[in-house]
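Chemist: Following the hints, complete the assembly by docking chain B onto the known chain A.
Residue numbers (this note's numbering), protein chains in the order written: chain A, 2 to 409; chain B, 2 to 409.
Simulated from the structure, these hints should not be mistaken for laboratory data. Hints may be right or wrong, so weigh each one.
Identical copies go unnamed one by one, so any copy, or any two together, can satisfy a pair.
Said to hold, decoys possible - 25 Å max Cα-Cα, derived SDA-like pairs, lysine to any residue:
| id | residue 1 | residue 2 |
| --- | --- | --- |
| 1 | K342 | Y102 |
| 2 | K394 | E334 |
| 3 | K342 | A33 |
| 4 | K342 | E35 |
| 5 | K5 | E218 |
| 6 | K222 | I164 |
These are the residues of each chain, in order.
Protein chains: 2
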Amino acid sequence: MDYKKLDKTSVIEHISKIKKIMAYFGADDLTAQEIGDGNLNYVYKISSVQNPQKALIAKQAVPYLRCVGEEFPLGRERMTYEIRALQKFYNILPSFIPNIYHTSEDMSLVVMEYLGSHVIMRKGLMEGVKYEKFSEHVSTYMSAMLFYTSSLHLSSSEKRAIIAQFNSNIELCKLTEDLVFSFAFMEHETNDNENVKNNPEAQKLFKDMKFKERVLELKYKFMTQSDALLHGDLHTGSIMINESQTYVIDPEFAFVGPFGFDVGALLANLVNNYIYHVVITKDEDFQEWLLVTIKEVLEKFSEKFLDFWAEDRESALLVEGYLDNETLLRYKENFVKNIIKESIGYAGVKMARRVYGVAGVAEIRGIEDKNLRAEAEKIALKIAREFVINYDKIDSVDEILEIVKNAG
Amino acid sequence: MDYKKLDKTSVIEHISKIKKIMAYFGADDLTAQEIGDGNLNYVYKISSVQNPQKALIAKQAVPYLRCVGEEFPLGRERMTYEIRALQKFYNILPSFIPNIYHTSEDMSLVVMEYLGSHVIMRKGLMEGVKYEKFSEHVSTYMSAMLFYTSSLHLSSSEKRAIIAQFNSNIELCKLTEDLVFSFAFMEHETNDNENVKNNPEAQKLFKDMKFKERVLELKYKFMTQSDALLHGDLHTGSIMINESQTYVIDPEFAFVGPFGFDVGALLANLVNNYIYHVVITKDEDFQEWLLVTIKEVLEKFSEKFLDFWAEDRESALLVEGYLDNETLLRYKENFVKNIIKESIGYAGVKMARRVYGVAGVAEIRGIEDKNLRAEAEKIALKIAREFVINYDKIDSVDEILEIVKNAG
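This is chain A alone, in the form it adopts within the complex:
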């Protein structure tokens, strides 16, 4: 099928031909409503007029950046990788991925479950909502997704098949390489230059060669270390949540990269939220909940990753009988400790890039009071710098929490 951009009317026509979708609705009285902040894509909520609780999401990529317009071309093939990642993650962990009703790489279209009773996690966290099951859920999601798409589990040919499927997600990887690892730390037109101009903190960051050299090391790893299939953009805006359920969406940046990148992205976003509550709400109880959550996420991630690994006897990496049990256990424990270290490094990069780079986070850039925003930025940069410079020397989760608490 040839690609055609859908609108509110044609999306209904289009999906009405798909049996699985019509079987779900059990009626043909469908209506479409455009929703979502839609930076990149068009998102429609399709629902039944008679039974409005029956609803699905149709998401279609257009060959440009939607929020800017056709003058900013961006290949709609990004949806190809989103579809492949959703399917791959769904096969590993159906409970954390929305149900998929239809996908078409030709049409750059996915139709999936509408998460009507969930909110974007960033919003919930800013409102001080505690999600008590989150650390349990997200640690399962991350550990299973990373372990089961890595050479620690797969055979060599299975691993190479995943690389082949995602290797061409060039444009979005390049966006990360440029925007996350480079432009945000130097004078660049894409930055938030209203804030950068005459800002001594920004100048200090741009001249901090010790920090930037470490960022470059992490960028090189990002570009060349093929550990596992990553979500690629695992911030709290990519998580839909309520008290009992956690869904991870929007994996269009998916590619085979370093273990620590997703874990680091999540860590960065939880710390940014902590800073928001230090500077803005001053809600100490919620700050404490966030610290406990960070600790639980990282510790449960490590435990579960090791548990999955213990169930496996052979893989591309490990031939049974090669190491004795004691050495094997030590090797695995060191391996997972190194994932956490690397995650701290990536968390630092991710935090720092949100301060002056393109696309800030609501918790920092969204602060309207200039002085308070500057205070939040300063704390974020202090933590980010410690994370980036010392990530390979930080030996425990408690040390991470100390760095976060002491920066405020």
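Modeler: What follows is chain B alone, placed relative to chain A:
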């Protein structure tokens, strides 16, 4: 064209249809002779009866391991990667790659320059021939090949295109993963079990968990670190040489892997040759020449790699203006030092695996006297162990030479 296995007669028929080849010969009085030790493939020398100095090589892969027979299947697609690598390396460095006259992925066939005045380097070295231009040549070959196929030079999309071209060289990468990194260090049917049985040195190696844990770290890097396009099997049997020229052949193991793997393979083979001269010929002058050669190869490699890098201003990794010059220089120098360190590690693995694993080298396994062979093996394992365990702590080429000299 459908694949068809060629023989001495049909190879002439086949290539007679290729204009470039017939233009080279300028006559149709061709004759074919089967040559080469031909472990994997069929190799024919095609020459003109009238002008026998006019000659080409036709090399064809068969879908099994030639030296064993059809009962050991091995995809003939390995020739696809050999062809692609020959072309890629030829485009970068024509002077070190034989002229290519014809390639066909369908036929798993390559027709190239016949190197009539060159010998296999391993043979020459065992005879004590000094190749005075070798360090200059091979350091250029390795530094250019690695630098120009890496993310230090290429754009993100160019790099990913190379990964796509070589990602499916699964069978040969798997051979290395198994035979080089695993089976050679444990009880396994593929080993030289006549020598392993009742050999306390073999038992010591197989139980050396400190060594084997480090090997596993290097294996993991081999499997997941996508630095540059590698030759993949750069031993002295893959080099054709004389006093004035050096050619690198047989890149069928080519894939995108860690920088240090090729450099390490070469280092291992030079050290193995050194051991041969310590134990068998006792030719001290040649031993000294080998040590100087090792030093020159590694130092020139580092210099040239940095020189190529200095000419580049932008790449997938480096955005101009991101680092100041002093930091950039330090970053690059550290980067290349780390390549050398990694090479030492891989050299250790490569040396150790030749002792008891499948496919030994002539310098060690070829020693007929049992006691002398055992002595050579012991020296090889001593050096290999130091290389593997301490590779990231060895800070200079002189330290490498000390380890080699002190082991004898």
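Chemist: Taking the hints in turn, state whether each one holds.
Modeler: How the hints compare with the structure:
| no. | hint | verdict |
| --- | --- | --- |
| 1 | K342 with Y102 | neither (38 Å within a copy, 51 Å between copies) |
| 2 | K394 with E334 | both (16 Å within a copy, 22 Å between copies) |
| 3 | K342 with A33 | neither (46 Å within a copy, 60 Å between copies) |
| 4 | K342 with E35 | neither (41 Å within a copy, 56 Å between copies) |
| 5 | K5 with E218 | neither (42 Å within a copy, 49 Å between copies) |
| 6 | K222 with I164 | both (16 Å within a copy, 16 Å between copies) |
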